[in-house]
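Colleague: Sequence lines, in order, name chains A and B. All residue numbers for the first sequence refer to the working numbering, where the first residue is 1 and numbers rise by one. All residue numbers for the second sequence refer to the working numbering, where the first residue is 1 and numbers rise by one.
All the pointers check out, no bait thrown in.
Here are the simulated lysine-lysine pairs, DSS-like style, with alpha carbons at most 27 Å apart:
id, chain 1, residue 1, chain 2, residue 2
1, B, K64, B, K121
2, B, K7, B, K172
3, A, K83, B, K172
4, A, K120, A, K83
5, B, K172, A, K14
6, B, K7, A, K114
FRET-style restraints, in silico, Cβ to Cβ:
id, chain 1, residue 1, chain 2, residue 2, range
7, B, I28, A, E61, 52 to 60 Å
8, B, L32, A, K120, 36 to 44 Å
9, A, P233, B, S250, 52 to 60 Å
10, A, N10, B, F29, 51 to 59 Å
11, B, S250, A, R127, 16 to 24 Å
12, A, A246, B, G25, 51 to 59 Å
13, A, D110, B, D23, 22 to 30 Å
14, A, E61, B, L32, 50 to 58 Å
15, A, R72, B, A325, 31 to 39 Å
16, A, Q172, B, S250, 34 to 42 Å
17, B, T206, A, N10, 54 to 62 Å
These are computed hints drawn from the structure, not numbers from a lab. Even for Gly, the Cβ is constructed at its ideal location relative to N, Cα and C.
Here is how the chains run, residue by residue.
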Amino acid sequence: MSAALLEVRNLVKKYPATIAVDGVSLAVPEGVCFGLLGPNGAGKTTTIEIMEGILSPTSGEVSYRGEPLGPRFKEEAGILFQKTALQDFLTVRQSLAMFRGLYDRGLSVDEIIKLCALEKLEGRDNRKLSGGQQQRLLLAIALVNDPSLLFLDEPTTGLDPQARRNFWELIQSIKARNKTIVLTTHYMEEAELLCDEIAIMDKGRIIAQGPPRRLLREHFAEVLLELPKQEFPEAARALPLRLIEASDRVEITTDDLDGTLRTLMDARVPLTDLRIRPPNLEDLFLELTGKELRA
Amino acid sequence: MSFLNLKRLVAVFHARNLEFVRDRGTMIFTLLVPLLMVVGMSFVFGGRERPLFKVGVVGTLVEKKAHPFLSERYVDFVPMPDEADAVHKVARHSLDLLIDVRPPARYWINPGSPKGYIVEKLLLETDRNAHREQVSGDAVRYVDWLFPGVLGMNLMFSCLFGVGYVVLRYRKNGFLKRLHATPLSAFEFLSAQVLSRLVLTIVVTTILYFGIAAVIDFHTAGSLALLAGLMVLGALSMIALGLTIAARFSSEELVGGLLNLLTWPMMLLSGIWFSLEGSPPWVRWIAQIFPLTHLLDAARAVMLDGAGLPAIAHQLVYLAITAIAFLAFGAWSFRWRME
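Looking at chain A on its own, in the form it has when it is part of the complex:
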């Protein structure tokens, strides 16, 4: 593996009542889109804010290009926070120009506007943008310095499906410019679509890490059978099957599809609504933590 662009070692962040991050170590190689996954409260935002240099850890180290975070990091990193307000009464173009003025290097305001498809909005007041438009402007601001490293903290939370899809396309076009991206999300499909490598967090710790496909292969050599919970008879729970119960359905993991189906039919389990599918990251999370991601 090539030298990591960004590396964190033994990160711990304690608050008076809780330990938000509990011994996290990560290495983000150059040119990779790295996903930090986990449910709300897993410590993703705390971790990424320490990586961004915004929050100082209780203990542990962060290094960028082998050095502690410093002026060079600030000049070369682009950041999209979960929630950012901009100045009132300024237009999209004026906001971009202000942030562009804070960096020595970067793209021109016109280039950014084109890159983020803001042409039709450039004269509009910041406050009159929709959620998706605002997020596009904030991404554009994160890109004004043509960053080597881009942080995206839950970039599509709160967007409607169409806006989310547009945003994904935008991030993919930025990925194509060979940027290194660190992304947090609790949408598994987002991670599957965008990330080359992921780390799954729960309760302040990393519980699994690797490329999504490899993680799935490691944990599931099998297929998943899904049945609605209310159609699953109580007696069938005693069958020799690997069962996971989700809120509305029962999931059975198996590498012997024929045998499992026969067992279910013998037990007179109704199979009208049976679905068979390959496992996804959502299942991986369930498998690892025994709970649902968006619970």
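Starting from the structure of chain A, add chain B where the hints point.
Modeller: This is chain B only, laid out in the frame that chain A set:
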């Protein structure tokens, strides 16, 4: 990251100016309130006479036994350690008469003052041999005297609340946190805020000055350039004072309370509405802490009495020192994000 990068400072300065100029409501309000205040004041206070006769007595204390005149009723006798200053007050009608009771008794009177005319009659009743000295000069109308006070008060509110709440709002809505993720330094950010507010305050104060001066027919006795320099230093000192409070806290209630805690004593004790002459020494001593007191003393000296640079140098120095001290403290204690 350099400590002070002008390009970054200018970017933030420019954006802050735009934000303010676009905010029409705030802008109109900023101009209208003090204007209305002065017009109102000139109606309410313009013609009113003070209820007492005010007589200055040369010396540090007034002893009734020293002269029979000092036992007159309904006359306020005020000790005047500085004779030259007291004579000037007679010229300006802020004393109706000045007396030096050390024999041979002498007194100063302004023939243009109606109250002086009556008080002189009272004096001559008790002492026919008192020696008369004549002083001339136009009365300072109350509205003239009030004018520097209103300019100063408007400047104080504009400076303290203008930067205080803006920085607080930036911190609360996360804009500061976003700026912290850029190479911008706290000193650059604060300097941009100070400069933006300074330019705005000076523009507003200039408009107010010429607007009100035209309405009440006022002419500054001293140098307008000196007055402008004084206003710049005064504004800097008070903007920086506002920043010391906005630098750290995240609660509107707390910041609002602290700003009120600063403004109200200044409103009452800095001499916006009435002169502190004759008030207890401890009040005058406390008043000397406030930048506004120094600003108003110097502004009245320039506007009403035509004072030059040497006469107000110590006030200018006080304002400059406090501006630097407050700004340094603000940059030192600055927080980018909520606690």
